[in-house]
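Student: If you read the protein sequences in the order shown, they are chains A and B.
Be aware that the first sequence starts at 1, since it is given in the working numbering, and climbs by one per residue.
Be aware that the second sequence starts at 691, since it is given in the working numbering, and climbs by one per residue.
Incorrect hints may appear among the rest.
Unchecked claim - So, partial list: chain A residues that the calculated Cβ filter (under 7 Å) puts toward chain B: (1) H524; (2) S539; (3) L617; (4) T638.
Treat the hints as calculated values from the structure; they're not laboratory data.
Remember, predicted model here, so these are calculated numbers, not experimental data.
We put the beta carbon where it would ideally sit given N, CA and C, even for glycine.
This is what each chain is made of:
2 protein chains.
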Amino acid sequence: MSKLTDVPKRILIGQALRSDKLGETLLPKRIALPVFASDPLSSVAYAPGEVLLVLSIAGVSAYHFSPWIAVAVVVLMFTVVASYRQNVRAYPSGGGDYEVATTNLGPKAGLTVASALLVDYVLTVAVSISSGVENLGSAIPFVVEHKLLCAVGAIVLLTLMNLRGVKESGKLFAIPTYLFVAGVFVMILWGAFRGLVLGDTMHAPTSDYEVRPEHQGLAGFALVFLLLRAFSSGCAALTGVEAISNGVPAFRKPKSKNAATTLAAMGLLAVTMFCGIIALAMATDVKMAENPAKDLVRDGTPVGAGFVQDPVISQVAAAVFGDGTFFFVVLAAATALVLFLAANTAYNGFPLLGSILAQDRYLPRQLHTRGDRLAFSNGIVLLAGAAILLVWIYGADSTRLIQLYIVGVFVAFTLSQTGMVRHWNRHLRTERDQAKRRHMVRSRAINAFGAFFTGLVLVVVLATKFSHGAWVALLGMVIFFGTMTAIRKHYDRVAEEIAASDEPSDETIRPSRVHSIVLVSKLHRPTLRALAYAKLVRSDQLEALSINVDPDETKALREDWERRGIDIPLKILDSPYREVTRPVIDYVKTLRKDRPRDVISVYIPEYVVGHWYEHLLHNQSALRLKGRLLFTPGVMVTSVPYQLESSEAAKVRARRRANWTAPGSVRRGPVERRHREPRDAHPREPHGKG
Amino acid sequence: MSKLTDVPKRILIGQALRSDKLGETLLPKRIALPVFASDPLSSVAYAPGEVLLVLSIAGVSAYHFSPWIAVAVVVLMFTVVASYRQNVRAYPSGGGDYEVATTNLGPKAGLTVASALLVDYVLTVAVSISSGVENLGSAIPFVVEHKLLCAVGAIVLLTLMNLRGVKESGKLFAIPTYLFVAGVFVMILWGAFRGLVLGDTMHAPTSDYEVRPEHQGLAGFALVFLLLRAFSSGCAALTGVEAISNGVPAFRKPKSKNAATTLAAMGLLAVTMFCGIIALAMATDVKMAENPAKDLVRDGTPVGAGFVQDPVISQVAAAVFGDGTFFFVVLAAATALVLFLAANTAYNGFPLLGSILAQDRYLPRQLHTRGDRLAFSNGIVLLAGAAILLVWIYGADSTRLIQLYIVGVFVAFTLSQTGMVRHWNRHLRTERDQAKRRHMVRSRAINAFGAFFTGLVLVVVLATKFSHGAWVALLGMVIFFGTMTAIRKHYDRVAEEIAASDEPSDETIRPSRVHSIVLVSKLHRPTLRALAYAKLVRSDQLEALSINVDPDETKALREDWERRGIDIPLKILDSPYREVTRPVIDYVKTLRKDRPRDVISVYIPEYVVGHWYEHLLHNQSALRLKGRLLFTPGVMVTSVPYQLESSEAAKVRARRRANWTAPGSVRRGPVERRHREPRDAHPREPHGKG
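Let the sequences and hints guide you as you build the complete structure.
Tutor: Laid out in structure tokens, this is it:
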């Protein structure tokens, strides 16, 4: 093909494929890491603080347990990462926790995981935004003074962006995430250099505060319980680790291997940052209290309600870089930005999970269609509404919201890992290759340990946090579970009702005749078109029907009809109360009663308009009538559209809408098969002349 | 026919005619009076007070002008009544002010009247409810302490009642209206008896108060202006007089004569009550002030903001019967009730006028259908919303609301009477019978005087009240006028666009072939039905089309298709992004491009469900697709409904809705022609075999 003819074609195809293009871009590891890791990495902005906060209940002396808790979190992180590396290898098609649990443990386990994840998406938004506002507030006081307003504003902004359909691009994620990671590492290294090499003593803004312990001299079971609670809070660092397992198809080849490597890199980064921040917090004497107003004491007096307890990461940054310095502000901004990105991942993950659930008929079918804007919008609004509600109730306080957060993640972790154990068991039953068997046994051991450990953590989280708010998350899960079960039941019932039996039934016995009726009010172009179309489709009987609501108009219609010599009989029904619907319905019923095996085909000329308000002015009677006719058995209703000039505007809008790409496409990866030419199951043949 | 077979038939017919029955009950005068007069009669509850209130600006000494103002109001009332007696005679079909103005003065005048009346309906609700609450409050202090809340609550209650569709029955109106009239007459007679015969001195609760004049010793033009303002306020007694002229068809025969008699009776009752109350107010030394808190003085000190100024009628009742006595409470209750009924008349009048305006295409066509519940509901909600807004803004203060009220009525009066003069002029041009001519000349004189007098009052009202609030009413009229003009323009533009020319056009040239496509996802009953129907309607080409969103489902469909041996070719289109709409649209466009004169007929199997939430679970993709297909020229879309079991519930609801009677039927009267058997314009003949 010559170059000259190629250009217009390329432009055309480029145009036509535009909406598909995004999905076809596979992610290199350096881009995949920020795309998937903004959520887990951003949690180091709040997780270390939560650990200190809980420990402070037993007084500052309890802070010396924090390295041990950090170690426990690190071990857990390695366990979870190792476990999910098995997942991504076993399910290269992108087996998320829902799929793994459903396949291996049955639909109820799968639905439980799905409910947990849906709740978690809501909490990701609520927690990340609240924490982002707190971090931004450490640099810009206005933000923290109007915390709730800013948090709600940020959610609304994210929602609008996602409703408009911002494309999720790798770069958008890469820059803030790497900036954040680099910032934290610079801080850790510079802090270590100042402390260990220069011998500087660094002081956090709260270093000269005292913490009044709520419980003096805790020991025995009470102390263990407190340490477990601190550990539970630290587990917030693990949220979002599972996201990669959904996104394997988005990686470059070898997909599974690259995904596993990215997972490992992410785990390593997360634990390093987590431990570094804890270490710096200890070195700079950060003080955190659960109720700072009461328990944080300066010069013998509590700081009171006006005090704002800045996040650990910003206190450490103030100690290392100096409060208000360039580096301090950059890190605060990067932290806030990466937290907002983390919130944004929920906007992508929610409809993705929704589409998978819709495929299994737990949610309305239309969610299954990728890029269905309306369905996507509904999901986004639901997500945003629930997140705003939580932020409102909990005053955008990340500490209180985190109590709700971790339950869902660990439900998903535990069930997914248990499912993986079953997966390996099943494969071991048939696998004969000894090398592969050894590999599988090793994987099973990892997953079994993962299941055990995450299950243990789940019990710990439930035990230590239930009354602190975890019950809210459980309630949310129950509601999602119940709704989805009900939807599935409805679909199953309908499927049974409409299933075609093999015996001849109403539907397979061919009805005898078709009686066509064209509804007519005036002889204008839409009516003439409907009459022409109805004649073209050959039926056994064809008549035009007009309802006499105004004698003058009816007379004019009749005269026009005869003048034009239209060869279709015109029937006129009187309607003393100027109703349109009832006389038509009654007439159709009479026809059906006279000849029960006839099918009545009703043609309705319809205006196609371009603006919503024009709908109020047109077609209302037609719509009402159509709605009623559909309830009448043996009737079909044909709309014969007439495109008014104003409909051009709506056509353009509809086309633009069709080319819209749903956010979340990057992480979903491309679909397997490519677009092919339409193909026929039977050879084409003219039909219907018989 | 035997009696036995008659019974079931009568039951059936009785059932079938139920919704028509109401309209067929013609009103005797004794019922027609309360139905139409609750609005004008109830205004004597506030009109006398408004007169005193305005006069008080010049001090109590100005009260001695009140009899003269009463006389002016009486003369005006007789003029208006006499004028409308000509209307009901000239337009026995129920020529309301809108019709009279449109017919005789042209559409712009008609639309002005319509706008004025629509604004007036809103104000009738706002003023009557506010005044009703004030009257009820004179007996039950709680009501007046929570005036705004009670007023809004009453409007909401009325709205809900009307949305549910309470039937307007003559009795409902008769009892409170006659109770009110009787109560006022007993009060006037008993007061006259006590004062004139027994020689009692009766004291109103405010008799020993003083009024501090805002302007001492007004004279000359300022005094005349004040008197004119007092007169304008008194004109509130005339609102609603025009209602009978819409309702002539609801009267028993001789309709016009009975309507005229009822009008006269109503006028007589109204002026007697109005004058009686003014006289009693003077005799019992009622004091009213425009700003009671400041200008009403007791023992030298203003009464202050906590003082509640009771309506004149209740102050007079307290003086005549004694405060809190049985008669006092009964009269207060009857007054409140008749005022609520007056507000209710607006709920009936608003959709009635809307239906007439819709017929002239100033409002959406579907409003024209009598008893169209949805359209009716929209009108009711609009009316209630506007009334609540006004009540809210003006603090449910009837005095402030009345400033807005009278403009609209007098615009309607003046234009209607001017129109009547033209009406007689036109008839006099052709009438030769001398007796009839004399009668017409006399009628013309009455209407001319009516037009002159009401026009003068309109000027007075505008001059004295413009800055007090009449501008709000004018603004409302302008908004209604503008909206309705825009709607009419839109309809006219569309009518021009779709008008069929006599030359052959796209619509009259018969398209060449029809290519039918049945959309298929699975082979269940709805699909089988759609396939059977599509085959029955013979088209030139018929094929089934399925979109491959899931390879397994598509494979199952293909196998099922072959197993059942369906003789329709099945085409399968791939959709890599699981979209349904786009591949279908693209395919249809390709077909159209290949054979531009083909018509594409798309059959969509649809589920008919019974609950709104089921709509979320079904047909969404079908609806979306249908919406997009309608924008494609040369396409028709056929819905083949499959009634799910749950649709039974909706069918029952729809039937109930169809039997619903719109409030306002009583005053509208029955329509002229009766329900006839369907008749054919052409003899019936089988058609479409050719």
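Student: To test your reading of the hints: which numbers does this structure violate?
Tutor: No hint contradicted; all consistent.
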